[in-house]
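Trainee: Same order as they appear, the protein sequences are chains A and B. Under my numbering, the first sequence has 341 at position 339, and the numbering climbs by one with no breaks. Under my numbering, the second sequence has 235 at position 228, and the numbering climbs by one with no breaks.
If you are wondering where the hints come from, they were derived from the structure by calculation, not from laboratory data. Please note: incorrect hints may appear among the correct ones.
Said to hold, decoys possible - Listed next, with one range per pair, are the computed distances between beta-carbon atoms:
| # | chain 1 | residue 1 | chain 2 | residue 2 | range |
| --- | --- | --- | --- | --- | --- |
| 1 | A | Glu210 | B | Lys88 | 38 to 44 angstroms |
| 2 | B | Gln264 | A | Asn28 | 55 to 61 angstroms |
| 3 | B | Gln264 | A | Asp353 | 24 to 30 angstroms |
| 4 | B | Glu206 | A | Ile114 | 38 to 44 angstroms |
Every residue gets a Cβ at the ideal spot worked out from N, C-alpha and C, and that includes glycine.
Spelled out from the first residue to the last, the chains are:
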Amino acid sequence: MLPKQEVVAMLLAGGQGSRLGVLTKNLAKPAVPFGGKYRIIDFPLSNCVNSGIECVGVLTQYQPLELNEYIGNGQPWDLDSVNAGVRVLPPYQRSRKSDWYKGTANAIYQNIPYIERYDPEYVIVLSGDHIYKMDYSKMIAFHKEKKADCTIAEIEVPMEDAPRFGILNTNPDGSVYEFDEKPKHPKSNQASMGIYVFTWSKLRKYLEADEANSKSSNDFGKDVLPAMLNAGERMFAYRFEGYWKDVGTIDSLWESNMDLLNPKVPLDLNENSWKIYCRNPVMPPHYISREAKVQNSLVAEGSNVYGTIDFAVLFSGVTIEPGAVVRDSIIMPNTRVEAGAVIQYAIIAEDCVIGKQAVIGARPENTADKSTWGVSVVGNGCTIPPGAKIPPKAMIDADQLKEAGDYARE
Amino acid sequence: MRGNNVLGMIFSSVHEEKIRKLTENRTMGSVPFGGRYCLIDFPLSNMVNSGISKVGVVTKGNYQSLMDHLGSGKAWNLSRKREGLFLLPPFGVESGVANSRIESLSSARSFLLNSKEEYVLLTDSDTICNIDYSDVLANHLKNSADITIVCRTGKLPDSISNPAVYSVGEDGRIQDMLISPRIDGECTYGIGMMLIRRELLMRLIADCVSRNLYSFKRDFLQRNLSGYRVFAYEFEGFVQTICSEQAYFSASMALLQPEVRLQLFKPSRPIYTKVRDDMPARYGLGASVSNSLVADGCVIEGEVKNSILFRGVHIGEGTVAENCVILQDTEIRRDCRLNYVITDKDVVIQNGRSLLGAESYPVSIAKGSLV
């Protein structure tokens, strides 16, 4: 029997993240690179460690190879401890009734044996696609203080965005009386952040009941939380203040990266008391040449900049050749931007080559038809031929490079 | 595949008197270099990249920072069940703290005795290069050598201490060895690395000790030159020995040349170091940087030219730093002027200060100073 853990964290990292298109073609969403050296999953993992949670289960399903390799034994996050630490939990075959994870609640249900080994009082359920720094221990303290069965973290969003979120309607004491999934006419702007603290004995009961219900879609937001609410369990909303962003779409991923360049945005990754840990590349410091111009940017180690960058996020091992211009864009690891290429409002994934004089993306103000404008995306391992033109909002897949050649001929 | 029958030994305390300011609180091996490294990262990574999986680090004094840097050896893949990293602090039985290399090796006798590797590679920690020791071993075996000394041919660096200069025959065998000779032209000199059979090393050390001979170069090498097959291995890649403050400065500045970085930081033979989990460097509005090497965690709002910035350095608005080596976590506030300055870790330079050195004499600011 393993030593008891008061809290076990379960991190939902199995989603495909289809809205990220080519970026998640061969990669689970939580493993998508973010912010110059991180991957999205570094945020919840670092939050766990910084909050004193020593036991984290990562539920994987979609394209897990790179994610598994990245998490490894958890050492970069200090999660390689003897008795607890991080465990990757894929769906598995059992003597009868084997299944993929059918929904978020089912994923936890299938791993009840993992949780029970630690005999926890509380289980915190996290998602692997949010960028934020949060002290979960405060939320757990709130959960205890309210003697709650379930506590849901919520954040205030602009009223016009509220219909995109799950909205919590609360009584004056903070208890939740209604859970409104993507309402057309929201009654409040308190959005659920997809972070739940449960008293484990209660959650276990509801997971088993949910599994027995053949009509259920086995999802927390749609099934388990409403069931708990209907049964009159004590459910509270915990207000989070600070930076939080769901990076499930190309636009929000791009925006969140750009937020790192804005000194007014309250997301300081240099804060010593709340570091975001990651697997560090083994590379020398980056080099900025004589002719380079670098402003308002984030540049990781191992890059070489000979061109101009402004509002750019460069990951490790990126090369920007002389005369190349990168503006308002994200360039992921080991990509080379050749001389004279111009990249604007784009996300270029890992290991790409952007040929000489190629033009990728465009500024919104230079696009006649605003409805066709958007962030351009170049997928992993693409070689964009010299002089090619990739229009705004295009999504280039290595397998479709023939098409890129067609753009070049136009 | 790992393991090549060679044991590594690194001497972390060498020639510290040559760069007093930087070694006041640390050993030569833990002197910061190149934006994110310590000097010992180079010999250590070279060994690991050459397949050596057991390394002893011999220390003398002030090795707290070295231990902090090395930890369990995880960053170099040397935290292992079998083999791995061994710290060999002073083990004085007869003579107190070991003063000479002979004494250090003599006190590390049990480490040598309990190792099973056939050969030992001994290196200093003040030489910066990216060398494949398996090539040195292949040469050693080809020559049926007893000792192979890694050498370089060229003009002797001015301030190198007690250089060993060798006369090398056409077959590569060393015929004569001079210590600190007067030489004007080119010569073949040692760069502080040698390969020797473990059993022979222990025998020769015991022999020196029994005769009360304690000079490694004179008594260990010179005296045995004729009795053993001693060969030279010429290393032709980039090498810099940190033998003076000026040499430290020029070795740092050499990193700004792309061809030097290509030789030193080969992706296939990376230089490992302790990680720090800083965010990537952030450039603010109005930042202007040219010909500089910048590590993670830096925040740059001013102007930087021809400089090396270590991790976590802050350059304030309106500040101009040229030809500087700015060590970890130094904060240079607004409107400062710096030219030819080396600041140690955790220095704070207040608004509006001017510090001007010269290429031949960079100004050094001690660790933790407030200017």
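Trainee: Could you tell me whether the CB distance from Gln264(B) to Asp353(A) stays inside 24 to 30 angstroms?
Mentor: Holds, at about 27 angstroms.
Trainee: Does the Cβ pair Glu210(A), Lys88(B) satisfy 38 to 44 angstroms?
Mentor: At 43 angstroms between Cβs, range holds.
Trainee: For Gln264(B) and Asn28(A), compare the CB-CB distance with the range 55 to 61 angstroms and indicate the outcome.
Mentor: violated (38 angstroms)
Trainee: CB of Glu206(B) to CB of Ile114(A), is that within 38 to 44 angstroms?
Mentor: For Ile114(A) against Glu206(B), whose Cβ atoms are near 60 angstroms apart, the range 38 to 44 angstroms is violated.
This entry does not satisfy hints 2, 4, going by the numbered hints stated previously.
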